Amino acid sequence: MKRAITIEPITRIEGHARIRIDLDESGRVSDARVEITALRGFEQFVIGRPAEEIPRIVTRICGICPWMHHLAAVKAIDGCFGVSPPPAGNLLRELAQVLAHIHDKILHFFFLAAPDFVLGPESDYSVRNVMGLVRSEPELAARVVRMRQLALAMLERFAGKAIHPVAGVVGGFARPMDAGEQRDLLADGQVLLDFACQSLAFAKERIFSRFVEEMLSLGSVTTGFLGTVDAQGSLRLYDGLLRLMDPGGGLVEFPVEEYDQFLAEHVEPWSYAKMVYARSWGEGISLDSSQPRGIYRANTLARINVCDHIATPRAQEELEAFRELFGRPAQGTLLYHWARLIELVYACERTLELLADERIVEPLVHHVVEPGAGRGIGHVEAPRGTLLHEYATDGNGCITRANLIVGTTHNVAPMQLCVRQAADRLIGNGAADEEILNRIEMAVRAYDP
Amino acid sequence: MNWDAKIIAFCCNWCSYAAADLAGISRLQYSGSIRIIRVLCSGMVHPQQVLHALDKGAAGVMLIGCHLGECHYLKGNEVALARAEVIVDTLEDLGYASERFELTWVSSAEPERLVKAFHHMIARLADLDRGSPVFTAGGAGRLINET
Amino acid sequence: MKPRLNFEWLHGCSGCEIALLNSGELLFSLFQLVDIVHFPLLMDHKYIADPGEEGDLSLPEADIGLVTGGVGLASHLKILTAMRRQCRVLIAVGTCAGHGGIPAMRNQWTAGQTMETVFSTATTDTAPVPDGVPALLDRVSSIDEQVRVDVCLPGCPPRPEMIIAVLEALIQREEQRLPHKSVCETCPTVRTGKGQATIHRGTVRAAYTPGEPLDRMRCLLEQGLLCMGPVTAGGCGGRDVPLCLRSRVSCRGCYGPVRKYGNQLLDMMNALASNGIDYRTIIDRTSLLRFSGAHGRLRPKGERK
Amino acid sequence: MIGHNGSVDMTASEPVGAVMVIGGGISGMRAALDLADSGYYVYLVEKTGAIGGAMPQYNKVFPTNDCSMCIIAPKLVECGRHANIRILTLGSVLDIAGRPGDFVVRVRQKPRYVDTEKCIACGQCSAHCPQSVDDPFSGHIAGRKAIYIKYPQAVPFKYQIDAEACLYLSQEGKCGVCAEICPPEAIRFDDRALEEEIRVGAVVMALGFQTFNPAVIKAWGYGVYPNVITSLQFERYLAPDGPTSGVLHRPSDGKPVRRIAFLQCIGSRDKHHCGNEYCSSVCCMYAIKEAVMVKEANPELEVTIFYTDIRTHGKEFDRYFERARSETGIRFVRSRIHGVEPRGTRGDLRLHYISVQGRQVEEIVDLVVLSVGLETADDMVSLADRIGIQMTPDRFAAISAFMPVHTSREGIFTCGAFNGPRDIPQSVIGGSAAAASVAVLLSGARHSLTRTASFPLEQDVRLREPRIGVFICHCGTNIAGVVDIEEVAAYAATLANVVSVERNLFTCAQDTQDIMGQQIRDRELNRIVVAACTPRTHEPLFRATLRSAGINEYLLEMANIRNQNAWVHGFDQQTATAKAKDLIRMAVAKVSGLRALHPLRIPITPSALVIGGGVAGMTAALNLALQGFDVHLVEKTGQLGGNALHLFQTWSGEHVPRYLDGLRSEVVNHPRIAVFYHSTVVEVAGHVGNFTTTLRGDSGRRKTVRHGVVLITTGAKRYIPEEFEYGKIPKVVASIEFDKLHMHNEARVARGTSFVFIQCVGSRNQERPYCSKSCCTHSIQSAIKLKKEAPSRRIYILYREIRTYGQRERLYNKARELGIVFINYELHGPPKLSRERDGVLVEVWDHVLHRPLQIQADVVILASATLASPDASDLANLFKLPLNADGFFQEAHAKLRPVEFHVDGVFVAGLAHYPKPLEESISQALAAAGKAGCLLARKEIALEAYVAQVDPGRCDGCGLCIEVCPYRAITLVEYEDEKGVVLKSVVIDQVLCKGCGICQGTCPKQGVDVAGFTCAQIEAQVDAALDDTVAEGT
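Chains as they are written, first to last, in our numbering: chain A, 133 to 581; chain B, 627 to 773; chain C, -9 to 295; chain D, 61 to 1094.
Be aware that a few hints might be false.
Okay, derived cross-link-like pairs now, EDC-like style, lysine to aspartate or glutamate, Cα gap no bigger than 16 Å in a straight line [as the list claims (entries may be wrong)]: (1) K68/C to E140/A; (2) K184/C to E1023/D; (3) K892/D to E782/D.
Just some of the chain A residues that point at chain C, by a computed CB distance under 10 Å [said to hold, decoys possible]: (4) E140; (5) R150; (6) C530.
Worth flagging that the hints you see were computed from the coordinates, not collected in a lab.
Computed from a predicted structure; not experimentally measured.
We put the beta carbon where it would ideally sit given N, CA and C, even for glycine.
Next up, chain A with everything else stripped away, as it sits in the complex:
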């Protein structure tokens, strides 16, 4: 008897999605896919708006990473209006971005992903969650909560609103940072860095060592990767060149303005999310798990894979250790969590670097802006992958066209492969208990979609 299994909703992720697994008469998996079931239509309703308002609208694409959309949009509109921010403006924007990364990574790792590992994928759903974590690891939980709050407080200190921010403005940043703030934030940043290092140590000791097998096998597929690096090939989150690695490890770099020559989006009738693939490989896209084509991944592991090194010492140290174990590129899906903590260390170190730059307290934080016609593309590395905003404006400085490629969409196609691989591996004879289904979800959760 044919049968379909639906996991709805996929939980402990941000957003609306479900997994559908089709079983054939013999109970074998005939198809499995992740369906993204929500669409809000930002590309439509930003049309006609004054472009300078866009950074304050597109934040609502995602409540977890509003800063990423805010900054990608603000950079794109800078482009439309032909301005570039003064040094302090850029430094403050990047500082906000790395702090948002820190905040996000702690959330994802400890609140959403950790219950699977700390409490075990087999534990009951009613305890396999952050509430369960609080009960079983109260001290850790309390520390995590405090650290998230600290990162948030730092952000609010100089940028006001942390969720759905407003401080990035076309032409720069809304307000300067004063020396007092800089001093305090430096001290706080140090606390965060310590926590990041301890977190990675804790994860390595308590989690990764216990789940080595899963890390390499669950949802494991072979794909290309996309990330951002600087001219020296170092990891960058705020700006730089896009670097696309093919499944064989070959690298190509391109400026973001040329993204449409390298990337394209594919539509499936069962998902609102478009699937980005590597157009430049010239092979189109295929979701066939036996012979996937055009598929690459983004997000933490991708960035760790494409960069040659990380420009901060402790993260670089961790990167080297990681590569020692898993090679380059590393393909294990659950390794995303590991890579995420390495990025957390980097983000904390970068925070201190930015705050140490004396230009960050310069009073000139924005330039005068004249609205007008133009085209602009803004990109940042968001926690969930490379984020691209492209806008065109009319003579009045209002939006005429928008194209948004959101971090998660890079990973929608590979997620299909992962889910299929996990389902194939875990479901035998049509038997699928809660633990099995949760393990399949874990393959999705690794991407923090």
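Guided by the hints, dock chains B, C and D onto chain A, whose structure is given.
For chains B, C and D alone, coordinates are given in the frame of chain A:
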């Protein structure tokens, strides 16, 4: 004409409300669609109340004040005039035909002018609703707020 | 026994949930206060009763239901109806649930137009628009347009302490004390009642002396910046300075109208016009309803009734 | 003895605290209201069936273009309702006996034939009356019935029967239909004339005027050619409530009018035809106004005004004239037309005149409007004669410029056009001035005869559920004939909170008031809905009923089911019945949300601050002191007298310095007046009733005074000419300098044989587009004196328009008779002056002889302008008062509130308001003192009940309402909440607020609204209007 929708007419105590009284004294006849609400000044009516009336199913809303320069309160009707522009623009923004709103000036001694304004408004609204489902349903659309 | 709580999200961005997760100690007090029995962001309770099987949407019974996001898809209606059925008290959390929020901006286009635009961007392969997904509703509505709502707690995101306070009041059966004043209430900027005759473009920044506190800066609206503070429900900064003002940036109205049936566009335009300010310098007035486009306020362009 | 302000030694006995005002026009009404408001009982005797005088006939008034009816209607109602004014309509005074302070006046009232107690003014009688006659109110261009009201807003709003026209009365019992159908049976065919003897302390004669009847002079063709009409008829044609609903057409054939000619000075300045030698003062302005109005409505019309001199000497008048001339396309032709002839048989009219270029011109027009002048009616002249007061040769009351409202008989005062032709503001000023003068005479009897009502304790309804009583009026058949009252009453009983529904034949009847009171007590009603006529006329009555039944008078709402329902849907019973239900439902919805209102009452500091010690200031100060109030008089110099110190005589030849000495010593010696010399106002706090003002003396010493009112009499200054070689040629002098030279017979004058006066120096130009008003008269007076001293002197007056308005025209005529040469330089430019030997050469174009003229002048006298005081703007800022574009204080309303401001408790008089001659300054000063006295006499003021209130739960001090308030009543304050957070809110000054609700219309959060008209209450009405489930009962 089977047009039984209602029109709210906010009338200033010092001019148009008095003109409406005088229209009665003069036995001028006009449509039963008009519902006059007495206000102290045309400048007292908040555009929200215009919108509210339309949302609640009024076919149209009239705001009738003293002639410019004759406001009992110096400049209430001037403010009403500035607001009328907002109301017209915003009704269109909100998807209402701005013809559903009318600002007009009538002195306390001009009942004919008042009645003419009523006739004019009714004709305009009937025109607007002709052929639309709203018209055949016998009233303007309602916003669903019942839940 | 602790009251049971269902927490669902619909047509939103998860910012409300994240705000709650960000609240530190308050989060623990939430866990203390209630038993969360359904919360897709944090726990693995599924809609389908029998795991892996097709069937009716099943939600646990709960004393309190929190819903974020508005209603934009057919599936949202299904979830919302189930929430209403299963929860004794239903609370609309966040501006989307209460007024439609940013997603309701799409109400200026039909669902078809939106699909068409989204699936025909420059980098999108030519393909039919998806049809094997829950249908996009023609209008994004607030949840109170669809079901009875007991408490409406706006914010984009709402302040977590307000969420906790509402729950506490509910549990203690006290009267709800929601903020009912505008953003200006706690805004310390200097107001004189006299403003500029025109409103500047959004690219113009606030004038102030760096290093001086906010209570030395002139009210942004009086500086000629379009600040939606006066027509927007307050509370974003708690009893302290409104959040956007902390960045010296003007309010855009994210808590929705001050009064439930207020209209941020009309109220703002009116306040400007009444003061003799040329409101026509404002480009794209409808974006003043960007947070409160539900309740039929935003409609497809060109539609006239 | 009589002092300067008419104080009478009243040791003989206590005066009577009542006053008779004869004449119910605007001047008489003003006097009556001011007297009644300041503590005297007033008998207002009106010869027609309704008060109002001439104003209700006008369409608009100049220069504000206000609707005349709209501005007078509230005054009519106020008079009609005033507890201390008794209106005696159809009344005439037979004689007056007694002495100042105690007169007995015999008054005769003609029968009305309608019982005013019963008449409900439903108009059915008039509708059925078969007898039509010409309506004098419309200037006989329309008809009215034999039973009629004078005009639709008439007060008293009661019908009357024209006995001559009535068939029943004139042809014994022939008709009587009105009596048969009158619903309340108010017709009294057996009504008889009444004679009454009334005891009063003083009499005010406000006898008014009649318009000149042009039919007596054949040349105008009035009454012969239908297309020749008077300006008054024209006014009725333009009026939207007139017989043609404001549409103008030719009376002869109803065709549209294309060309109109206004002919000025008809019955004025016309010694030869009619003996009216004086100028009527108002015709130029009203003709321009009518021309502007008709031109605005019909832009294609050709309108020409043929005039002698354009006399637009009043405040803002010249601007109005200039706008008419330059913007509206009205043609002004300086030429006197001497006759109108018909052209053809189609009604066209032909005019001949001589143009300024001296050519004969003929013009054909459709319509000729005769700008008829003002005159005193014969019966008024004979009344004056009976009473024994002196009249001028022009048949106006004889008055002294120093006592401009006193007749020749003590205790009898006069005001309005009876004192000489004048416009509305002058008449209003006269009314208040007369009241002020009466108040001095009768100050001992204040409040002795006035009535105040007392009421039971009011029940507190705050915590009670609404219990609404609905009273539905049949109004005879007026409502019940159209509306199914039974059905409506049954419906009303189903509405929420309605506990009782009563139907009344006449809800306004006295017995219904008793029933209403009984119901309120028996059924514990706490809110009342009256479904009847309009709140504009009947709300006060029902409020009084509520008050006497012990509930707050504001817990009342009227559903206007007569004027706005039964009467406008007379042929559609179904609609009217359905709408009556809606209107009652709306009223119930509103009344449910009403709260009791208690207008704030604030005590008044019974003293006045008078700023400026000129004649106006001293006059006002003395009047107030004699009325019994303390006065602080502030003078910035070391001497009282102001500009009058430079004057020698009034236009009528009265000696100014002697008068000034007397006035000064009375002021200085009056125990209630404290004079602060060398002092200025530097700081002001408070508001009406309680001001605290800081004065600074010359030593810098500050003094604070407390007072209830302020009078601004800061005067003006003279213009120092920069033109006409002034200051360069010693023989060119300004007029007040010349007066001194003349008085001392200085050599230049004594030996002079040739004098040239140049008018409008610094006036009526681009910079100061206003007329300084007194210079024409002044120059002519000086010229006459020079000529009389030595008839051989050659005297020239170079002018633009001669503005010897009113009875001053005699001076102009006399000057011409004496051979003084008048040369108009309007058209050909101002004269040129140059020094020549020991004299001055004046070159000017002779407009009569059409050639240049050179005059060797011994002295050139420049009639220089009067300028606003440079101190005015400081004072205006301190008291938040407006100034006009010329820097003079801008009164609250140019027509009806000429001495008041929108800021309560502050008054203006004299040159601070506008240039004017001494007589008018004194009159205005008395008026200002009178208005101030009204306030001070009340001891406390009840403020407006409908004022804005701040909802502290909603207002967050966003400040958007601050600037919109026209009264500057809103301010922003900071306060700390219980947690010490500093919050903001607006506060409304309850004294300054007038309740317009502009703030309410602005506030985005309903943080401020006007009590009685709140957003919630208005919305409740809207909801109830649109949704019949809204007020459904449970």
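- Message: So, against the hints stated earlier in the document, which numbers end up violated here?
- Response: The structure conflicts with no hint, since it agrees with every one listed earlier.
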